[in-house]
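Here is what each chain is made of, one letter per residue.
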Amino acid sequence: MQITVKIKRFDPEKDKRSRWTEYRLEANPMDRVLDVLNEIKWEQDGSLSYRRSCAHGICGSDAMLINGVNRLACKVLIKDLGNDIAIEPIRGLPVEKDLIVDMESFFDSYEAVLPYFINDDPVPAGERLQSPEEREIFDASTKCILCACCTTSCPVFWVNGRYLGPAAIVNAHRFIFDSRDRGTDQRLEVLNQPNGLWRCRTAYNCTEACPRDIPVTKAIEDVKRVLLWRTS
Amino acid sequence: MKRAHRYDVIVVGAGGAGLMAARYAAQNPNVSVAVISKLYPTRSHTGAAQGGVGAALGNITEDRPEWHAFDTIKGGDYLTDQDVAEAFAYEVIDAVYELEHMGLPFSRTPDGRIAQRKFGGHTREFGKSAVERACYAADRTGHMILQTLYQQSIKDNVTFFNEFHVLDIVIVDGECRGVVAFELATGELHTFHAKSTVIASGGNGRMFKVTSNAHALTGDLMSVVYRRGIPIEDPEFYQFHPTGLYRIGVLLTEGARGEGGILRNGSGERFMERYAPTIKDLAPRDMVSRAMYFEIRDGNGVGPDKDYIHLDLTHIDREIIESRLPDITEFARIYLGVDPVTEPVPVQPTAHYAMGGIPTNIDTEVIRDGNDTVVPGLYAAGEVACASLHGANRLGTNSLGDLIVFGRRAGVNAARFAAASPYGELPKTVQDYTHELLQRLRHGLGKEKVAHIRKELQTTMMDHASVFRTQETLSRQVEILRELKERYQSVGVEDGGQQYNTELMEAVELGFLLDNAEQLVHGALNRTESRGAHSREDYKERDDDSWLKHTLIYREGDGVRIDFKPVTLGKYEPKPRVY
Ligand SMILES: Cc1cc2nc3c(=O)[nH]c(=O)nc-3n(C[C@H](O)[C@H](O)[C@H](O)COP(=O)(O)OP(=O)(O)OC[C@H]3O[C@@H](n4cnc5c(N)ncnc54)[C@H](O)[C@@H]3O)c2cc1C
Ligand code: FES
Chain R
14 MQITVKIKRF DPEKDKRSRW TEYRLEANPM DRVLDVLNEI KWEQDGSLSY RRSCAHGICG
74 SDAMLINGVN RLACKVLIKD LGNDIAIEPI RGLPVEKDLI VDMESFFDSY EAVLPYFIND
134 DPVPAGERLQ SPEEREIFDA STKCILCACC TTSCPVFWVN GRYLGPAAIV NAHRFIFDSR
194 DRGTDQRLEV LNQPNGLWRC RTAYNCTEAC PRDIPVTKAI EDVKRVLLWR TS
Chain Z
236 MKRAHRYDVI VVGAGGAGLM AARYAAQNPN VSVAVISKLY PTRSHTGAAQ GGVGAALGNI
296 TEDRPEWHAF DTIKGGDYLT DQDVAEAFAY EVIDAVYELE HMGLPFSRTP DGRIAQRKFG
356 GHTREFGKSA VERACYAADR TGHMILQTLY QQSIKDNVTF FNEFHVLDIV IVDGECRGVV
416 AFELATGELH TFHAKSTVIA SGGNGRMFKV TSNAHALTGD LMSVVYRRGI PIEDPEFYQF
476 HPTGLYRIGV LLTEGARGEG GILRNGSGER FMERYAPTIK DLAPRDMVSR AMYFEIRDGN
536 GVGPDKDYIH LDLTHIDREI IESRLPDITE FARIYLGVDP VTEPVPVQPT AHYAMGGIPT
596 NIDTEVIRDG NDTVVPGLYA AGEVACASLH GANRLGTNSL GDLIVFGRRA GVNAARFAAA
656 SPYGELPKTV QDYTHELLQR LRHGLGKEKV AHIRKELQTT MMDHASVFRT QETLSRQVEI
716 LRELKERYQS VGVEDGGQQY NTELMEAVEL GFLLDNAEQL VHGALNRTES RGAHSREDYK
776 ERDDDSWLKH TLIYREGDGV RIDFKPVTLG KYEPKPRVY
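For the protein sequence lines, the chains are R and Z, in the order given. Residues 14 to 245 in the numbering used here are what the first sequence spells out, letter by letter. Residues 236 to 814 in the numbering used here are what the second sequence spells out, letter by letter.
Just chain R, same shape as in the assembly (with noise of 0.2 Å):
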């Protein structure tokens, strides 16, 4: 099929702004847009410049904004969107050169949260125990693969680029439910900071942005729930 591909470019050596750059080119309906950006790059300009490894979902490198919906460029598929497609960087981060951004204080709230299994008890001679039941509580949220879709989809994290986000939350989300943790005090204690957890307006974004299918916004408010009980 014939599609026309639409890209939001932006080359800091020459661009004073981002400028929509379009092209034609033919493409089976079961390419991915991965294949389609990176037949664009192959065959018509090798300049255009995205984030990519895996390409099946799992590496988290290509977040991108395609046709209005925050999506991996990798597990969404042409069929899936018609001949007419748009693709935008994902928003909230400073765009370093077209598709790619910024991606340090995405990482930087991740790291705010403590995002590492704290227990400084005597380790045991074998493994630490955990009940099936007690470790499929945490389980969506060990599903993340940090590729950011959630927070550069959520409207308070546009205005305020300072709040942790909803990656942040789930993965700390991840070690407040995990039996084995003994660091809840000391994440709660960065959760309830001003650009912390209380700033989740519930807009939903998130989960729907999520390609690894985690119920983001319940894990928030289950974060929520810990923290108002903890401090009351």
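Simulated from the structure, these hints should not be mistaken for lab results. A portion of the hints provided could be inaccurate.
Claimed, not checked - Take a look, some chain Z residues computed to stay more than 12 Å from chain R by CB distance:
(1) SER388
(2) ARG482
(3) VAL576
(4) GLU578
(5) LYS690
(6) THR708
(7) GLY732
(8) TYR807
(9) PRO809
Unchecked claim - Calculated cross-link-like contacts (lysine-lysine; reagent style DSS-like; alpha-carbon spacing at most 25 Å):
(10) Z:LYS353 - R:LYS156
(11) Z:LYS684 - R:LYS19
(12) R:LYS19 - R:LYS92
(13) Z:LYS775 - Z:LYS810
(14) Z:LYS444 - Z:LYS684
(15) Z:LYS363 - Z:LYS810
(16) Z:LYS515 - Z:LYS720
(17) Z:LYS541 - Z:LYS444
(18) Z:LYS720 - Z:LYS663
(19) Z:LYS444 - R:LYS92
(20) Z:LYS390 - R:LYS156
(21) Z:LYS444 - Z:LYS784
Heads up, the beta-carbon is just placed ideally off N, CA and C, and yes, glycines get one too.
Place chain Z with the ligands on chain R using the hints.
For chain Z with the ligands alone, kept in the frame of chain R given last:
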């Protein structure tokens, strides 16, 4: 010198092997450590691993490390170095517990232990029956390993240089003194002066058309060291996984056949009954991939071009498919529009894993010849390395184990060496080679497109040097590679910019891939036997008298030189590999 950095230990790569090495190096209080990675750490392909990590914990039924060592050696068709397999099978138990202690969310048994399941080639009592050895976290074990190790590195405050591509290694007087890297964000070159350098840069599956490997897996460091006189060991042993999604190669885990999935040809026949009458669809990966290839070649494939095979799960309960194979079910639905619950899934063998790589001894020190001469200051671990744990054919779940065991050894040993050594001097011209390489590509004639050469490389490697090989196909491929390398001299890059010049990096990576292909094809042409994943139609038998030895391929002038290295044998006499 501009943009010069100095760390006692430099780790190249931030997948499972690199992060493990960095963690252990950093535990030595006397050294400074930095990790250089061309991807953000969490984008590394370790995150794609599904099935599990093998360790004889015995949480379900009795298991022992010596059984694991034996399975690994037999699975490797006796090309595995037996001392390496033994050390591995014991240490991996500890390493898995350690991952758990770092918080890795393994799936659990009813009594709260790490859950384990069966996997191809893993047995109890030296082959009596299958054993539950694969420790897993649902069907995203690799994702959990990568995340957990990255989380730990945040806790440990590890220094990262992300989106830095290492393009050269500094070898002076036979020792390694660091690396030269290209910073993607700025287009600048950086020199990293180090006492120890650990290479953990992963695989090279992108030399083939259909692969389970990420775009980034272009075998960079296997080429970089090769250009600097270090040989590559056993490159001809490349594993094809039987069930990649048709055309795109995305992996469907062996677990699908473990749950009862059946492979069928164009007439609906369960053809594996003819090739492996006893274990049928659960035969080892190399055997199944070959059988599928023969079916397709003999006109028994499925589809308009008869070029794929069906993986049939339709007789299995919907509930089992959706609960135990959720990810691959999603892959089939999204990428092929096929629902495995109601329709068979089109599959074909997909390029998956490099058994060969940069030669190391059991302590992960890189060696430069058949006498085990060490390159001081240089270490390698993970898929890029060849210790040789996997011999001629890797067993499923043994790569993730390899990363944590040998990643750890590399970190410890690299730090110990660094703590006891002074910095060697760097030559003033250290960046010249890389600078010229990039200038050549930036100002190339542009007569040839990178994408076209790469596509031809991938297609011809698939046709001539994948599952099915003969003298004729391999000799043709040698010629084709020569021609592609010639054409590569006149590629050009359109993007004249400095910042985020991903086009320039793709061009460099193509050069690396061409070297990797050259290594593989020459190794395969030279080895006139069939062993594990290396299958020669014109030499169908394993030939221990002539070929129970490792290949070492060196670059020499415009061509290659081939040497050998003995296999470390041990308790287990080479026997025919029957299951
Ligand atoms: C789909 C799939 C499923 C798998 N499932 C399993 C399984 O269930 N069990 C199992 O045991 N094995 C499995 N494997 C194999 C295993 O996952 C890999 O072999 C292993 O993860 C490789 O890890 P690594 O650390 O060596 O490299 P990678 O994780 O690939 O990391 C390589 C690192 O090197 C960096 N790098 C590369 N080149 C450069 C350069 N030039 N400069 C700087 N940095 C560079 C990259 O940025 C990256 O950080 C699977 C493989 C695939 C593809
Ligand atoms: S390329 Fe890895 S998630 Fe899309």
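For each hint, the structure was consulted:
no.: 1; hint: SER388; in the structure: violated, 9 Å
no.: 2; hint: ARG482; in the structure: violated, 9 Å
no.: 3; hint: VAL576; in the structure: holds, 18 Å
no.: 4; hint: GLU578; in the structure: holds, 15 Å
no.: 5; hint: LYS690; in the structure: violated, 8 Å
no.: 6; hint: THR708; in the structure: holds, 27 Å
no.: 7; hint: GLY732; in the structure: violated, 5 Å
no.: 8; hint: TYR807; in the structure: holds, 29 Å
no.: 9; hint: PRO809; in the structure: holds, 35 Å
no.: 10; hint: Z:LYS353 - R:LYS156; in the structure: holds, 23 Å
no.: 11; hint: Z:LYS684 - R:LYS19; in the structure: holds, 24 Å
no.: 12; hint: R:LYS19 - R:LYS92; in the structure: holds, 16 Å
no.: 13; hint: Z:LYS775 - Z:LYS810; in the structure: holds, 16 Å
no.: 14; hint: Z:LYS444 - Z:LYS684; in the structure: holds, 17 Å
no.: 15; hint: Z:LYS363 - Z:LYS810; in the structure: holds, 16 Å
no.: 16; hint: Z:LYS515 - Z:LYS720; in the structure: violated, 42 Å
no.: 17; hint: Z:LYS541 - Z:LYS444; in the structure: holds, 17 Å
no.: 18; hint: Z:LYS720 - Z:LYS663; in the structure: violated, 30 Å
no.: 19; hint: Z:LYS444 - R:LYS92; in the structure: holds, 23 Å
no.: 20; hint: Z:LYS390 - R:LYS156; in the structure: holds, 20 Å
no.: 21; hint: Z:LYS444 - Z:LYS784; in the structure: violated, 29 Å
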